[in-house]
Amino acid sequence: MNWDVFTRLSPLEIQIHWATAVLAFFLGLVIFALPKGTRTHKIIGWVYVAAILVTAFAAIFVRTFEDDGGMPTLMGYSPIHLFIPLTFFGIGGALVAIRHGKVKSHKRAMIGTFLGALIVAGLFTFIPGRHMWAFFFAEPEMVQRWLETAGGN
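To get the working numbering, take the position in the sequence shown, counting from 1, and add 1389.
Incorrect hints may appear among the rest.
[What the hints assert, rightly or not] List of simulated lysine-lysine pairs, DSBU-like, C-alpha gap at most 30 angstroms:
#, residue 1, residue 2
1, 1491, 1431
2, 1425, 1493
3, 1425, 1496
4, 1496, 1431
5, 1431, 1493
6, 1491, 1425
Don't read these hints as lab results, they were simulated from the structure.
Using the sequences provided together with the hints, build the complete structure.
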């Protein structure tokens, strides 16, 4: 991935969305590997919750009015944006569940949110024609055209 290209082509809301999604992804993996219910689990868990909620909130402002890799859009939103309310409800449900001592419900909600909001939604970002696909897999000529369109070199 070319970080210079990413920062030149991506507005701040996309950079925030991407950075917090990556942070949440790795924190989620750490949480899955650690013993549950410990102080460390709770601390990392709260940082994870903050990261995934910022990711979802930033996604509200990530809109496109151009071809989105073949995905239909409505007022700039594509089907991937359905993960925004699912994330808020999933995390909210997980927090309510653990507050009431419902560990299994908490676990299901957190795993479901991780899989949906980070894995499934993340895979959607790599559909050919979308910017994330281009940053990782596109030919240099395509990236150069995007830079020229964006006012770059």
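Here is what the structure says about each hint:
Our distance criterion of 30 angstroms between C-alpha atoms is met by residue 1491 and residue 1431, whose separation comes to about 15 angstroms. Taking the CA atoms of residue 1425 and residue 1493, the gap is near 12 angstroms; set against the 30 angstroms cutoff, the hint holds. Using a Cα cut-off of 30 angstroms, the hinted pair residue 1425 and residue 1496 holds, with the two alpha carbons roughly 10 angstroms apart. This hinted pair checks out: residue 1496 and residue 1431 have alpha carbons roughly 13 angstroms apart, not beyond 30 angstroms.
Restraint check for residue 1431 and residue 1493: satisfied, since their Cα atoms lie roughly 16 angstroms apart, inside the 30 angstroms limit. Annotation: proposed proximity of residue 1491 to residue 1425 holds, straight-line Cα distance about 13 angstroms (limit 30 angstroms).
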